[in-house]
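S.K.: From first to last, the protein sequence lines stand for chains A and B. Quick note: the first sequence uses my numbering, first residue 1, plus one each step. Quick note: the second sequence uses my numbering, first residue 338, plus one each step.
Think of the hints as simulated: they come from the structure by calculation, not from any bench. Incorrect hints may appear among the rest.
[What the hints assert, rightly or not] Stretches of chain A that chain B covers, calculated by requiring three or more beta carbons in the stretch to come under 8 Å of a beta carbon on chain B:
#, region
1, 77-91
2, 298-310
[Claimed, not checked] Sample of chain A residues with no beta-carbon within 10 Å of chain B, all distances over it, derived:
#, residue
3, Gly-21
4, Leu-99
5, Arg-181
6, Glu-244
7, Val-259
8, Leu-272
[What the hints assert, rightly or not] Under the rule of at most 20 Å between Cα atoms (straight-line distance), these lysine-lysine pairs were calculated in the PhoX-like manner:
#, chain 1, residue 1, chain 2, residue 2
9, A, Lys-209, B, Lys-619
10, A, Lys-222, B, Lys-358
11, A, Lys-25, A, Lys-313
12, A, Lys-109, B, Lys-619
A quick note: this is a predicted structure, and the numbers were derived from the prediction, not measured. Where is the CB? At the ideal position from N, CA and C, for every residue including glycine.
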Amino acid sequence: MFFIQLRDLFKSYGPVRALDGLNLKVPKGSLYGLLGPNGAGKSTAIRIICTLLAPDSGHVEVGGRDVLLEEKEIRQRLGYVAQDVAIDKILTGRELLQLQGDLYHLDSKYKRKRIDELIQRLDMHEWIDRRCGSFSGGMKRRLDLASGLLHEPELLILDEPTVGLDIESRSVIWGLLKELRKKETTILLSSHYLEEVDELADEMAIIDKGKVIASGKPDDMKKELGGDRVTLRVREFSDEAEAESVRKLIRNINGVSNVVVNQKQGYSLNFLVKSNDVISNLSSHLSKENFEVFALSHSRPSLDDVYLQATGKTLMDAELELAGKRDFKLENKKSMR
Amino acid sequence: MITTNPSIPKEKQSSNDLNQKLQEISALTWRLFIQLIRRPSTLFAGILQPLIWLLLFAALFSNAPIDFLPGSSSYGEFLGAGLIVFTAFSGALNAGLPVMFDREFGFLNRLLVAPLSSRSSIVISSVIYITTISLLQSFAIMATSALLGYGWPSLGGFLLIAITLLLLVFAITGLSLGLAFVLPGHIELIAIIFIANLPVLFASTALAPISFMPEWLGWIASINPLTFAIEPIRMAYHNSVDLNLILINAPYGDVNGYSCLAILFILTIGLFFLIRPLLNRKLA
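Only chain B is shown next, with the shape it has when bound in the complex (with noise of 0.2 Å):
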């Protein structure tokens, strides 16, 4: 239902739903580039830790067998995709922190004063900051990867990275923006992403195939949803992209890629209606 304020001119207003919403979220969304641009720091911070990583790593198993590992020649391709996926994964799990710091200052009330149109534009913008910059900052790791000669994907190849990346961005942002309501403040916040960041990252694909890992490990890591985001963008790099290859030699049973595209958007659709009544409770 539209509403405007009795005290200004209907002419002066914005009364058309939509309208108003894109207005809110418009206006939400650039306040969140504006303290990018600010303080660039967040952005290249992001990068700079894979980037570090990725040079490192793949110098530190450069001499390694040309057939260690599965379907790559080299350590620094291999690494490349994992890379990718955590940097965005790492972007994603931050997503809360503005919110967090919005409820423990206040800003949130100013916000939750005013007749948003709908006050999921706050959610909604949070999501839509988060992506770009988790999506800026994989992309700045692609391209590096490229440089150091690790190859570039083709278009279907990167637009299947895109969409993958998206699906794993949507369900860690949403994730991340539940932990934000619940806790009790930022310093927990940051304890729990401080905690879970490496911990998820190591019991992935994204440093050693699965074949490389103990039996506990790689059960761990056929279940952890970085491990489907990784896959298919390892695949995405190779020169004919088929969803239909084993992508994945779980000790549960084979998952191709398809299954983990459908696996990263049922993750994504499922986190979204386990925070939505958070999310309707603590903004309604």
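Excised from the complex, chain A in its bound form (with noise of 0.2 Å):
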């Protein structure tokens, strides 16, 4: 059974597609992993998901419910973790909480063993009632995932939650997410660190310029791949002529398959291979040619790998490339109301 149900979600901002046809579904007490970078369409698809934003087309169900037509019904049965955290300087933490408890409508008992609970299991006793202003990144963070789960919401959505967090604050995150998801709570989490995604979620989705290009659970995404990645070069700096030569060169070698060259990086080759006896008589395949092993790396599987195999280019890459390219004061209107 399907918790949240996106069906050919479209969403521009001006002349900026957002997303273009959005399709995905996340299954019930599942943690459900949205990696893509800054600019794919992960926080728009949230936004429309939490209520926030309406799509220009499509459909959107949560629990059941059609977001357009039942917003009050959903607002109570999920939390949100923003991507930049938001909260009011002048109050102190245990403050905010009693405002987000009387938000969704807690009674004063309930809400204050709920407050004595998250700040317990988030370890904030030590700064919960100093001013929110005198925060670090990572106790502002804790401090916005408690105001989430306070209301015990049956979903919970996270958008980017550990960016630039220490390794401590990250670690009690993600320690409270796989309880959470032993709980049966669906969690959605986007985020653009492999790693992150790799380690929580039970299934996720590729998300590439408003659209979903790949999805499924991270083991089985990268068992698909078929094989082991091996990095090749053959010169240090080498040439798109000459990368384009060797491609034809491996692509045709017994138990190798997916040849990519990778213009970013030096014009490198990637792909796969079978065994790694592959491997061993690379180099004699090489040389009939005159080309000569520069530098070789080989690896299992990775996300960055299911990544780059469904986009042509790593996630590292696509982040740089859309770096360049962002309109601040578009994600500034974007997230203002």
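With the hints as a guide, bring the two chains together.
M.R.: Below you can see the structure in the form of structure tokens.
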């Protein structure tokens, strides 16, 4: 059974198409990862699910309810931890949680009990009665998480929850998410950290340019690649023509598949091999055409390989590419109501 | 329609619609008052400027002839009403700033994701807060004015002052909140507040009667909402409060007390209907 269903979702900000026919199904009780660079459309999809934004077209269901028709019911059931932590600097952490409890109409006794539980669980007791303006990034994020969990939501949505955090804060948050997963809370986690999605997610989707381009269980997606990943350089800095020649040579070797020229990384070649024997014989194949192995690395398939296979570039390259095109004015307008 | 969280037992949540609304309005209003208690400079700054004006301007014209101003024995007495209204006006004009900061820094999104029984609770809490502050500041000016010997209104006069200030504060608060949702950031809002404040004051009867003004300025002053608040308050300081009396000799005709209040009331309702679609669009 699916707790979240997005069908043919479109959303544009002027000429910029943020969602381009997004389709997504999140199983109930799962921890579902959304992986993609900044600007891929993850936050836009999340804001629509959280009823902060209306799509231009498409259908969105949460817990069997239409997001556009039953907003209040959906808001009761979800907790949202936004990408940018929004806290009131003048209030103390406890006062912020009390405000949150009142906005969710909790009675005072239950509210106090939940606040105490979360302070304990997220290890906030030393600083919870200080003003929020004095908190570090990790403290703010833990407080934000506590406020998202205060009313025991059926669905917890986290948008880049560990960006810029220290290791301890990240570990606390990961630990809590794993606990919540055991209690069958449905969790939707958006991240551009591969290791986070790999570590936490039961299932995931890769989003690029407003669409889901691959989805499934992380381990299955890695296995589907069909082998270990190899990165080969025949020279320190190659060129397009040479890389293309090597590509044509390698792809005909038995046991090699999915040969891709990685332009961003000095025209290195990325490909998959079925076994270690293929790698051992690589040098002899190359020498027949007067190529030699300048550098070779070999690794088990990772989510970065899955991403590379699906999009033709690594996640880091995608981030860098989009970073140059960022429109901060538009991003500010998107986040402001 | 009442909504409750199915994860939490019903007895641990407010399930009555009115209780829900009261709970969220109280919480949002209390948040604003906590900010004020911890940063009281906003409250004092709103009193300090008109107070300085009261002391300096009154001193400036203290040797003016006794019949210098119509109906008043001194300039300080004349000025008092103007500054009471100006204080309330300035306070209300700043109503949009907290909302603008919440918009800009993402706190508004936190409120909008919550299952508020009505999103008008956000606006109502701002109105309650700003009305309280503006009235407190105005009454502080009234008290200072009394200490300086410029008089204190009767009970009827006090009631008239409260009603007049309430109408003006509601109208200007609505305008400020509307601007907070239309403008792109707090810098633009502060710029508008900064530009609007003094010209609106000078183009009213706060500092001088219409009879002192050139015709073009007289026209502006006689349609300025501040004038419709100032003149009833000026009358409130007299011994008998009579709203039938002509309070404004405008270029277009005479305006009595009832008309002043009616105009303020229409302005309040008009601004409310003007910003309502905007608030519905932004908060829906």
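S.K.: State for each hint whether it applies.
M.R.: Hint check:
no.	hint	verdict
1	77-91	holds (count 11)
2	298-310	violated (count 0)
3	Gly-21	holds, 25 Å
4	Leu-99	violated, 5 Å
5	Arg-181	holds, 16 Å
6	Glu-244	holds, 48 Å
7	Val-259	holds, 45 Å
8	Leu-272	holds, 43 Å
9	Lys-209(A) / Lys-619(B)	violated, 27 Å
10	Lys-222(A) / Lys-358(B)	violated, 50 Å
11	Lys-25(A) / Lys-313(A)	violated, 25 Å
12	Lys-109(A) / Lys-619(B)	violated, 34 Å
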